[in-house]
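Visitor: Chain by chain, the residues run as shown.
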Amino acid sequence: MPTVQLLVNALALGAAYALVALGFVLVLNAAGAVNFAHGDMVMLGGVAAVAASTLLAAGGLRLPGIVLVPLVVIVSGLVGLVVAAVGFWPLRDRPPAAMFVATIALAAVFEQSATAFFGPEPRAAPAIWDGPPVIIGGIALGRQPLALILVAGLALAGVYALLERTQIGRSFRAVAQDREMARALGLRATRLIVGAFALAGGLAGLAGALLGHQFFVNAGQGPAYMLKAYIATAIGGWGSVPGALVGALLIALFEMLVSAALSAVWAQALLYLSLLAILLLRPQGLFGEAVGRRA
Amino acid sequence: MTTLRPPAAAVMRGPAPMLLVAAAALAWLALIGDAYAVRLATLAGAQALLVLGYQLVFGHVGALSLAQGALFGLGAYVAAMLSLHAPWSLSLTLPAASLAAMLVAALVGAVVLRLQTHYFALATLAVAQLIHLAAVNLEGLTGGANGLPGVPTVSLAGVAIGRGWPMLLLAWGLFAIAGWAVARALAGLRGLALDLAREHPLAAQSIGIDVSALRFTAFVAGAGLAGLAGGLHAHVVGVVSPDVTDMPVMVGCLIATVIGGHRAVFGAALGAILLTHAPEWFRFLENRHLIAFGVLALAMVIVAPDGLAALLAAMRNRLWPSPDQTPPAAMPAPPIATTRPPLLLRVAHVGKAFGGVRALDDVSLTLAPGEAVGVIGPNGSGKTTLINVITGVVPADDGVVHLGSELLRHRPAFAIARLGLARTFQHAELSATTVALDAVATSAFARTPRPQRHAARTEAMGWLTRLGAGAQAGMRCGALPAGRRRLIEVARALMVRPCVLILDEPGAGLSRPERIELARRLREAQEGGVALLVVDHDIDFLAACADRLICLGRGRVVADGPIDTVRRDPLVRRAYFGRDDDAVIQA
Numbered sequence: 001m002p003t004v005q006l007l008v009n010a011l012a013l014g015a016a017y018a019l020v021a022l023g024f025v026l027v028l029n030a031a032g033a034v035n036f037a038h039g040d041m042v043m044l045g046g047v048a049a050v051a052a053s054t055l056l057a058a059g060g061l062r063l064p065g066i067v068l069v070p071l072v073v074i075v076s077g078l079v080g081l082v083v084a085a086v087g088f089w090p091l092r093d094r095p096p097a098a099m100f101v102a103t104i105a106l107a108a109v110f111e112q113s114a115t116a117f118f119g120p121e122p123r124a125a126p127a128i129w130d131g132p133p134v135i136i137g138g139i140a141l142g143r144q145p146l147a148l149i150l151v152a153g154l155a156l157a158g159v160y161a162l163l164e165r166t167q168i169g170r171s172f173r174a175v176a177q178d179r180e181m182a183r184a185l186g187l188r189a190t191r192l193i194v195g196a197f198a199l200a201g202g203l204a205g206l207a208g209a210l211l212g213h214q215f216f217v218n219a220g221q222g223p224a225y226m227l228k229a230y231i232a233t234a235i236g237g238w239g240s241v242p243g244a245l246v247g248a249l250l251i252a253l254f255e256m257l258v259s260a261a262l263s264a265v266w267a268q269a270l271l272y273l274s275l276l277a278i279l280l281l282r283p284q285g286l287f288g289e290a291v292g293r294r295a
Numbered sequence: 296m297t298t299l300r301p302p303a304a305a306v307m308r309g310p311a312p313m314l315l316v317a318a319a320a321l322a323w324l325a326l327i328g329d330a331y332a333v334r335l336a337t338l339a340g341a342q343a344l345l346v347l348g349y350q351l352v353f354g355h356v357g358a359l360s361l362a363q364g365a366l367f368g369l370g371a372y373v374a375a376m377l378s379l380h381a382p383w384s385l386s387l388t389l390p391a392a393s394l395a396a397m398l399v400a401a402l403v404g405a406v407v408l409r410l411q412t413h414y415f416a417l418a419t420l421a422v423a424q425l426i427h428l429a430a431v432n433l434e435g436l437t438g439g440a441n442g443l444p445g446v447p448t449v450s451l452a453g454v455a456i457g458r459g460w461p462m463l464l465l466a467w468g469l470f471a472i473a474g475w476a477v478a479r480a481l482a483g484l485r486g487l488a489l490d491l492a493r494e495h496p497l498a499a500q501s502i503g504i505d506v507s508a509l510r511f512t513a514f515v516a517g518a519g520l521a522g523l524a525g526g527l528h529a530h531v532v533g534v535v536s537p538d539v540t541d542m543p544v545m546v547g548c549l550i551a552t553v554i555g556g557h558r559a560v561f562g563a564a565l566g567a568i569l570l571t572h573a574p575e576w577f578r579f580l581e582n583r584h585l586i587a588f589g590v591l592a593l594a595m596v597i598v599a600p601d602g603l604a605a606l607l608a609a610m611r612n613r614l615w616p617s618p619d620q621t622p623p624a625a626m627p628a629p630p631i632a633t634t635r636p637p638l639l640l641r642v643a644h645v646g647k648a649f650g651g652v653r654a655l656d657d658v659s660l661t662l663a664p665g666e667a668v669g670v671i672g673p674n675g676s677g678k679t680t681l682i683n684v685i686t687g688v689v690p691a692d693d694g695v696v697h698l699g700s701e702l703l704r705h706r707p708a709f710a711i712a713r714l715g716l717a718r719t720f721q722h723a724e725l726s727a728t729t730v731a732l733d734a735v736a737t738s739a740f741a742r743t744p745r746p747q748r749h750a751a752r753t754e755a756m757g758w759l760t761r762l763g764a765g766a767q768a769g770m771r772c773g774a775l776p777a778g779r780r781r782l783i784e785v786a787r788a789l790m791v792r793p794c795v796l797i798l799d800e801p802g803a804g805l806s807r808p809e810r811i812e813l814a815r816r817l818r819e820a821q822e823g824g825v826a827l828l829v830v831d832h833d834i835d836f837l838a839a840c841a842d843r844l845i846c847l848g849r850g851r852v853v854a855d856g857p858i859d860t861v862r863r864d865p866l867v868r869r870a871y872f873g874r875d876d877d878a879v880i881q882a
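Going line by line, the protein sequences match chains A and B.
So the first sequence is numbered by our numbering: it starts at 1 and just counts up by one.
So the second sequence is numbered by our numbering: it starts at 296 and just counts up by one.
Each hint should be verified, as a subset may be incorrect.
[Claimed, not checked] Label-pair ranges, simulated between beta-carbon atoms:
#, chain 1, residue 1, chain 2, residue 2, range
1, A, Arg94, B, Pro690, 29 to 39 Å
2, B, Gly651, A, Leu185, 35 to 45 Å
3, A, Leu78, B, Met610, 54 to 64 Å
4, B, Arg583, A, Gln167, 42 to 52 Å
5, A, Gly119, B, Gly651, 52 to 62 Å
6, A, Leu185, B, Pro690, 29 to 39 Å
7, A, Leu55, B, Ser386, 58 to 68 Å
8, A, Leu185, B, Ala599, 27 to 37 Å
In short, the hints are calculated from the structure, not lab data.
Source: prediction; values computed, not measured.
Glycine residues also receive a C-beta, built at the ideal position from the N, C-alpha and C atoms.
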């Protein structure tokens with residue numbers, strides 16, 4: 001595969017991973033704990049996309065994938081609210097490990113529900129932008145990766161603007177830094193935290209729908225996505241939003257290059273080994289930690 | 296006077312109910328259980344061993360490991376490979392499976408156990424994924440996705456243990472032995488030490504407990520049980536596929552632990568039985584039983600975080616209350632005299648910076664054997680950092696600390712405590728559910744080579760009596776007011792039998808009479824030969840329990856001398872009040 005194609009594909013994968021990692025780190029900062037069900041929100045987004053297109057196709061409607069995106073985002077945002085209601089709200093005054101364990105159980109429930117109602121076989125989500133490869137400067141580029149970069153890029157830019165440019169974003173960052181202090185300042189901390197779950201769900205679901213065309217959707221894929229986001233956050237510096245995004249891009253590039261050079265299995269194995277090496281040699285992540293003791 | 300226990304309570308609080316339930320289950324299996332039921336019950340036994348091991352890691356040590364499932368799978372593969380390639384080794388497959396898992400855990404644990412919770416979980420997850428990748432892809436060794444079929448049954452001293460009843464008895468027999476061993480190992484002071492190490496690791500180290508060693512031991516022992524469970528599983532099922540190393544095994548183990556209970560051996564059996572039998576009992580849910588099981592686990596995390604075992608124990612306590620656990624009668628106070636040779640504590644040119652803040656800057660001071668010195672200084676002047684540097688909680692950037700002839704640099708906090716340097720904390724660090732007597736007795740764990748709980752409690756009672764807190768001996772630390780908790784902590788530190796005792800704001804939160812009382816008790820300890828370094832804001836309190844005063848300001852020693860001299864020192868007043876105002880200090 002020519003280098004340009006490889007890089008575009010890596011960028012597309014990285015953009016989708018970045019969506020996953022962004023939601024993961026937002027919830028991590030807001031709730032102060034790992035959401036183990038995060039990968040299953042990605043999977044449910046893919047399931048929603050497949051289900052919606054199947055239902056519409058059965059009704060004789062053949063809509064391009066891009067039309068389904070808002071629907072998928074809304075559905076997965078609601079899933080995020082469910083995670084907040086079950087995995088965070090009842091445990092908000094307990095140690096972070098409680099939420100960690102609860103979301104592991106929740107992830108199992110999501111996975112089993114998807115298996116029970118959707119079946120265990122992988123299925124492809126509709127393409128966002130269908131059609132033959134686009135030829136740019138003599139290089140054939142797949143439409144789906146290009147669309148993925150565009151949609152994911154827009155979503156990332158939107159969240160960035162929300163966090164950095166609006167009062168909601170400032171309040172959210174205040175809550176992430178010190179929940180009690182933010183409360184003392186009159187911020188509705190719980191509302192902001194639950195909002196972070198909904199946003200994370202929407203971003204994760206979007207990633208699931210975008211990735212589901214090339215990489216298929218299956219009920220058991222949740223933990224793999226969660227692990228990517230977790231690794232991106234750890235190597236990017238625990239709690240750092242830009243760090244997590246860079247981490248996600250690095251993971252995608254690493255996977256693409258090692259898969260092309262060796263094999264997909266080696267890509268995975270070397271990713272885990274590198275992660276262990278980073279944790280041991282540079283536990284504060286490649287770019288330094290943003291928050292202190294959290295779990 | 297001892298009250299006679301009602302006979303029902305005596306029986307119901309003993310091991311009888313558990314034996315009865317076990318006997319009933321066996322009888323039920325023998326009467327109406329078919330081969331499938333026996334097989335399921337055998338798998339439940341293997342699962343119970345896995346959960347028991349995870350209780351050690353997750354429940355007792357509080358380490359959220361996500362590698363337990365993969366270690367189970369590793370054990371299964373080792374047992375299968377051994378029995379297929381070396382049929383003569385059938386008596387050794389189970390020990391080999393257990394050892395292999397322990398070996399991997401020891402390698403992993405040596406490096407990742409020091410990571411914080413979230414990194415530890417991630418690192419163990421990565422290790423689990425690597426094991427799973429190896430199982431799927433090392434086809435020559437593991438048979439790849441097809442796995443290894445035709446695993447024979449296990450042998451015991453040359454006699455083949457058939458599938459069915461013999462295997463069932465072997466699995467549950469092993470669980471009974473392991474459960475008994477775990478319960479026995481954790482019944483005494485070690486259990487108390489683990490509780491403190493899990494909830495307040497700094498406090499545990501301050502009384503000489505090697506927290507890392509405890510964590511490592513529990514992690515490796517837990518892995519040993521996981522490997523054993525995996526080996527049993529392989530022999531029962533007869534085929535090993537990569538599924539045994541996959542995530543669902545780990546999730547199932549975690550869910551069973553949450554439902555059964557974090558720490559009770561009985562809970563491990565309960566959780567394992569429920570997990571393995573859920574598909575059977577919830578058959579009417581068709582393939583949705585796992586959803587139901589996940590929801591049940593979620594509900595348990597939220598409503599009953601201590602699991603079914605704790606619920607049952609609470610019910611038993613309500614029906615058959617335990618006879619009053621009267622603590623040992625007030626003991627003659629132990630001799631206060633320290634059993635260690637008095638040593639000189641010398642801090643020389645110590646500096647410590649946090650980012651751009653110089654918390655300590657060229658601090659030098661000495662504490663003569665048996666001397667009592669107070670340390671004052673405004674908030675942020677480096678008092679607590681000084682204590683943390685001396686006790687090895689944070690490393691100094693430069694300078695050295697000596698206790699006697701021992702250089703304390705690079706020594707872990709627990710080793711410094713064992714040299715005879717004890718401390719208390721600004722916020723009393725006590726396990727809320729431990730009774731005061733046991734909290735103090737925990738100090739004996741690291742002090743003596745073979746500590747006895749009874750002797751430790753007797754001595755602890757003496758220390759509590761000496762500090763005037765004997766009446767609270769039987770109360771849970773979480774239920775005590777701040778002043779009492781402080782006394783418990785001082786008693787715990789004194790029971791280390793230190794030659795130097797460092798107290799971080801012991802008077803904070805105490806009423807005036809309590810402070811006077813505490814100062815008197817500290818004086819007594821000093822007269823017994825314990826040198827005191829007391830950090831506090833209350834200069835009258837310090838005057839009552841110290842002979843010399845050191846004032847810190849912005850990380851430097853501003854004044855050092857007799858109390859009255861330091862009190863009048865203009866530099867001290869400037870450090871404290873920002874101005875040289877006579878009236879403020881006289882007031």
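Visitor: Starting from the hint 58 to 68 Å, judge whether the C-beta atoms of Leu55/A and Ser386/B obey it.
Guide: 59 Å, holds
Visitor: Does the Cβ pair Leu185/A, Ala599/B satisfy 27 to 37 Å?
Guide: With a Cβ separation near 36 Å, Leu185/A and Ala599/B satisfy 27 to 37 Å, so the hint holds.
Visitor: So does Leu185/A sit 29 to 39 Å from Pro690/B, Cβ to Cβ?
Guide: 36 Å, holds
Visitor: Take a look at whether the Cβ-Cβ distance between Gly651/B and Leu185/A falls inside 35 to 45 Å.
Guide: 26 Å, violated
Visitor: Taking the beta carbons of Arg583/B and Gln167/A, is their distance inside 42 to 52 Å?
Guide: 45 Å, holds
Visitor: If you check the beta carbons of Arg94/A and Pro690/B, does the distance land in 29 to 39 Å?
Guide: Cβ of Arg94/A to Cβ of Pro690/B: about 32 Å, so the range 29 to 39 Å holds.
Visitor: Is 54 to 64 Å respected by the C-beta to C-beta distance linking Leu78/A and Met610/B?
Guide: This hint is violated: roughly 39 Å between Cβ atoms.
Visitor: Are Gly119/A and Gly651/B spaced within 52 to 62 Å by their CB atoms?
Guide: 58 Å, holds
Hints 2 and 3 from the earlier list are contradicted by this structure; the remaining hints agree with it.
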